[in-house]
Amino acid sequence: MAEILRVSNIWKKFGGLIALRDVSFDVREGEILGIIGPNGAGKTTLFNIITGFLKPDQGRVYFYNEDITGKQPFELAKKGLVRTFQLVKPFLGMSVLDNVLIALYMRYGVLKGLSEDELIKEAREKLSFVGLLHRENLSADALPHGEKKKLEIARALALNPKVLLLDEPVGGLTTTEIDDIIRVIERIHASGVAIIIIEHNMRFIMRLSKRIIVLNFGKIIAEGSPEEIVSNQEVIKAYLGERFIARGK
Amino acid sequence: MEVITHLDIVSSILEQIIYGLMTGGIYAMIGVGLSMIFGVMRLSNFAHGEFYMLGAYLTYVLVSYMKFDPYVLAPLAAMFVGFVGIIINKILIKPLYEEIGRARGTAAFYFQDLRFILMTVGISIFLYDLALVVWKPIPIRVNTALSDMIIRVGPLSFGGQRIVTLIIAITSLITLYIFLKKTRIGKAIRALSQNPSAAMLVGVDAPKIYDITVFIALMLAGLAGGIVGPIFNLYPRMGLDVVPKAFVVVILGGIGNIIGSIYAGFFLGVVENLGGYFLGTEYREVIGFVLMILTLWLRPQGLLGIRR
Amino acid sequence: MLGLSSKTLKETLPLYLLGITVFSLIPLFASEYIIHVMIITFIYMILASSLDILVGYTGALNLGHAAFFAIGAYTSTLLSMRVGVSPWLGLIIGGFLSMIFGIIIGVPCLRLRGPYLAISTLGFGVIIYVLLINLEWLTRGPLGIPGIPPLPGFGSLNFTNRITYYYFAMLMSLTSILILKLLTISRFGKILIAIREDEEAAKAIGVNIAFYRLAAFMISSFFAGLAGGIYAHYVRYINPDLSALGESISVLTKTLLGGFGTIIGPSIGALVLTFLEELLRPLLEYRFLIYSLIIILIVRFLPGGLYSILARYLSTQHSILAYFKWWSYGRDLKSK
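Going down the list, the protein sequences come from chains A, B and C. According to the numbering used here, the residues represented by the first sequence are 63 to 311, in order. According to the numbering used here, the residues represented by the second sequence are -8 to 299, in order. According to the numbering used here, the residues represented by the third sequence are 24 to 359, in order.
Since the hints were derived computationally from the structure, they do not count as laboratory data. Here the structure is a predicted model, which is why all the values come from computation and not from measurement.
Lysine to aspartate or glutamate pairs mimicking EDC-like chemistry, simulated, CA-CA at most 16 Å apart:
no.: 1; chain 1: A; residue 1: Lys272; chain 2: A; residue 2: Glu248
no.: 2; chain 1: A; residue 1: Lys141; chain 2: A; residue 2: Asp129
no.: 3; chain 1: A; residue 1: Lys151; chain 2: C; residue 2: Asp221
no.: 4; chain 1: A; residue 1: Lys141; chain 2: A; residue 2: Glu128
no.: 5; chain 1: A; residue 1: Lys140; chain 2: A; residue 2: Glu128
no.: 6; chain 1: A; residue 1: Lys133; chain 2: C; residue 2: Glu223
no.: 7; chain 1: B; residue 1: Lys127; chain 2: C; residue 2: Glu308
no.: 8; chain 1: A; residue 1: Lys75; chain 2: A; residue 2: Asp119
no.: 9; chain 1: A; residue 1: Lys151; chain 2: C; residue 2: Glu223
no.: 10; chain 1: A; residue 1: Lys151; chain 2: C; residue 2: Glu222
no.: 11; chain 1: A; residue 1: Lys224; chain 2: A; residue 2: Glu137
no.: 12; chain 1: A; residue 1: Lys151; chain 2: A; residue 2: Asp203
no.: 13; chain 1: A; residue 1: Lys151; chain 2: C; residue 2: Glu220
no.: 14; chain 1: A; residue 1: Lys117; chain 2: A; residue 2: Glu137
no.: 15; chain 1: A; residue 1: Lys210; chain 2: C; residue 2: Glu220
no.: 16; chain 1: A; residue 1: Lys117; chain 2: A; residue 2: Asp129
no.: 17; chain 1: A; residue 1: Lys210; chain 2: C; residue 2: Asp221
no.: 18; chain 1: A; residue 1: Lys272; chain 2: A; residue 2: Glu93
no.: 19; chain 1: A; residue 1: Lys281; chain 2: A; residue 2: Glu296
no.: 20; chain 1: A; residue 1: Lys183; chain 2: A; residue 2: Glu198
no.: 21; chain 1: A; residue 1: Lys117; chain 2: A; residue 2: Asp84
no.: 22; chain 1: A; residue 1: Lys224; chain 2: A; residue 2: Asp88
no.: 23; chain 1: A; residue 1: Lys224; chain 2: A; residue 2: Glu128
no.: 24; chain 1: A; residue 1: Lys224; chain 2: A; residue 2: Glu65
Far from chain C by the CB rule (all over 10 Å, computed), these chain A residues:
no.: 25; residue: Ile66
no.: 26; residue: Asn101
no.: 27; residue: Gln120
no.: 28; residue: Gly121
no.: 29; residue: Gly234
no.: 30; residue: Asp242
no.: 31; residue: Ile244
Cβ pair distances, simulated, as ranges:
no.: 32; chain 1: A; residue 1: His262; chain 2: C; residue 2: Arg335; range: 41 to 47 Å
no.: 33; chain 1: A; residue 1: Gly193; chain 2: C; residue 2: Ile202; range: 36 to 42 Å
no.: 34; chain 1: B; residue 1: Met191; chain 2: C; residue 2: Ile123; range: 44 to 50 Å
no.: 35; chain 1: B; residue 1: Glu90; chain 2: C; residue 2: Phe234; range: 31 to 37 Å
Every residue gets a Cβ at the ideal spot worked out from N, C-alpha and C, and that includes glycine.
Bound-form chain A, shown alone:
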């Protein structure tokens, strides 16, 4: 499997705090990579650096062998490197449909080509994919939390990502909602998109990822399959005091 995203020796400091310490890993085509770690381990900072919201102090990021370190988020989105946010960021003043439609504008070009009707059709497809089509005319701020999370994913999908970075996609969701999202992600996976997921929900991560990276205090302390991670001494130490059960994959 070819690697399509490579993170190389990333360091990031905030004042005196070292948020990321020599972080390196790669992401292979079509895989689902999980990133876990205690709060404050640096996971979202890592996402921010990969997607251009932050610049690393040292290190580089390669996307399809192109050095994208420090490039602007909007450039990366156009290349197919797309992220969602931990605290959902829908465009509140716009309808659900428009939230996705706008992403399509950016993808196909504002002035160009496709007619409005064609784009609306595709936007509806994306909404169906996550199960939000019945909400298309609703204002985004009226959605319950779980559906906002789905909208976040639909919008990201509209950009036709090659690599999708999901930051805590099931944070604060009920078990049923989580199962919904699991199904959505499995379908995204089936379409060949590589996915990186940051999550705290162990059942969720174990279920979806074939490979997991564990971050603690900005360093990668373990990398491997879910089974390997669960029995890894370092990982258990990091989570000392927190009980988790890896159940059913």
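Starting from the known structure of chain A, fit chains B and C onto it as the hints suggest.
Same frame as chain A, but now just chains B and C:
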């Protein structure tokens, strides 16, 4: 001939610097309050200058009725101004805060919302026009016994009132400095200003601190106004004219850096005077803005790099 | 093009034509004085609506909008008086020069948000004001420039005739507003709204914030400059006060009163306030008192402005009314 000319220039420059420090003291008093309110409440108080103006006019009124010296009555006027601020905060700002809070739900963005800026702009113009109506656009001079006193320092001479103004400015700023650095409340204020969530996590009572901050900030502004009467003419627009300078001070000192704005105030005063001396007085006003825009663009952490 | 379907145009154009018809009727029964006030109103309608592109759509508070107005006015004036350019050309060039200043002011402001942006634009306004006062060799300083030539007529049209100018101002105004409105309904407009709603999210979906912000500044300042030119060749006297902070606040109040984020709303606000200003001429002292009370009350109690009252009685399915919701914050229209 040449030696005298050089001395002339040097003493002129020195004079500009010292006058600059005096004006700078006023700028610092107003600017630090603005910085505090912004830092603690994330509220850009466009009406800040009006409290300076109110302090000035109130002192004038007290002086006219009680026949005491303005330097004695200014603190009194200042406290009254502080209370007015608390009332306005209560009737207009807090309800807006709650209303937007209910709708938006994210703490960080409350005060940065457009509506707050507009609200403070509205308050600012209201107070301005109030002054315009009550006191008319006629410049007013406030007299003090010290007006006749002249103090000489080397080749330079200054009116007594300027020296007293500078002394009061420096004293109040030093007091504030000590308050901010040493007292618990002061530290709470600085903590909220630097990192609101962390501060609240360690138990800082935000609403109470807001009220205290507003009071102190506006009182300082009012005091600045009160002590300025013997030096500059009072006119209703003085608040509007000074508030952009106050913002310049806040930005030069570094956004969120309360201590920095104290230094920045003095800095602005001096730079304005020197700039006016070299470029001509017509361009005095824009110097601050140009510096501010450059700072925002190139060095947003503040021109001076003062530690918070 | 730009995502404007023929459906949208079919909904917008009739309103435009309706507006033209209604306003066209006014000179038939109105006094000379009312016609004069209406001309001023039309000019302010362009100003207020152009400000809305920045404030209501991009979320950038411009406290120095009057500066663009003044630049347009001075440009057209100086070109027609000193260089002998036809005022018609002067109008357009005035708009473009204003647009260039929009770029000059916009570029440093690209990375700024909220209050920093606001105070920077205020600063620019002051800088322009000071320049207009002090560059006396160019602008005659505080004395201003009297005797500005009127727009040269053609055919049987004479632009010194107030009624002719009325129709001219009306057409310029309503057409500008139409263009601005269409821009905001288009894809471009939706992207501006997205930037306003959530800048980070907009970045994440591929929006180049700097580009759109700058574009908004340019559009906004172009129309403001155009308005300035139309003013100059009507009133035929200009002075630096046109760029003063008070004027900027005045425009802001009109936009606010009408309702941010609607283009049409600010025009309504301009209409109401210009007439109010005329009525209150005897109370000039209290003028700002009333302005400020309007600002305070609207911000506190009716943030959607007059437009939001209007919109409650009109169908919300109408595409034109779709995006006033910013100020509603979910209070009334939760779902369509």
